[in-house]
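A.B. asks: Sequence:
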Amino acid sequence: MKKKKFYVVWAGRNPGVYDDWDDAFEQIENFKGAKYKSYTSSAEAARAYREGMLLDENLSVGSFLKKLSSAVTPQAAHWTSFPEIDRNAWAVDASCMGNPGIMEYQGVDLATGQTLFRIGPFRDATNNIGEYLAIVHALALLEKRGERRTIYSDSRTGMSWVRRGRANTKIKPTEANAQLRELIRRADHWLGSHSFRTPILKWDTERWGEIPADFGRK
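Read left to right, the sequence shown gives residues 289 to 506 (the working numbering).
Subject to a maximum C-alpha distance of 25 Å in a straight line, what follows is the list of computed DMTMM-like cross-link-like pairs (lysine to aspartate or glutamate):
hint, residue 1, residue 2
1, Lys458, Asp311
2, Lys460, Asp311
3, Lys291, Asp308
4, Lys325, Asp310
5, Lys460, Asp412
6, Lys490, Glu317
7, Lys323, Glu494
8, Lys490, Asp307
9, Lys292, Asp307
Restraint ranges, calculated between C-beta atoms of paired labels, are given here:
hint, residue 1, residue 2, range
10, Gly434, Ser329, 48 to 54 Å
11, Arg338, Gly434, 45 to 51 Å
12, Lys293, His366, 36 to 42 Å
13, Pro461, Lys293, 20 to 26 Å
14, Arg444, Gln467, 25 to 31 Å
15, Gln402, Ala464, 29 to 35 Å
16, Asp308, Gly401, 30 to 36 Å
17, Asn376, Ala334, 43 to 49 Å
Just so you know, the hints here were simulated from the structure itself, not pulled from any lab data. Because the structure is a prediction, the values reported are computed rather than measured. From the three backbone atoms N, C-alpha and C, an ideal C-beta is built for every residue, glycine too.
With these hints in hand, go ahead and build the complete structure from the sequences.
C.D. replies: And the structure:
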């Protein structure tokens, strides 16, 4: 039987401990200076994450944080430089500090830059849940307004959950995330009771830069 692995992400979109490689990979894919490592036990992974160091490089907490703070990110071209992007589309994104942690999500109109919705924060949540809820929220809002727009998301996981018609989360139920779990239930129900033809496209972060709905907490 294949031994389960746990993945620590120190530097990525949403640092934390992940028990699924796809979830961890989404945090480090195309992320400049990503730092991560796999472990064979959750306790070992949690300890390594708390200590805040890459064991194989023997970095101290101080030097690791100094290394991160001194990193220089090159200026990327603005997304408006790319004609293939639908200017009338909506973009959605989520942010989660920790995994699980404090999460919020939002949607932005590319044409105007207006924030269409911003929901949260929710405790004991995950980034993938936020990405999923953001897409469903945008779908429901478009239907309510009688509009048809393209939706951009930078989350493969969130998009795959929408295609499946339900959230594939293993979040541990707590008193703190009761409201969040109710939102997930309602989102699942909405997808199961509605049909839609809205294009949901993957935002190409590597080429276009951060999605306009990004919270800017990288």
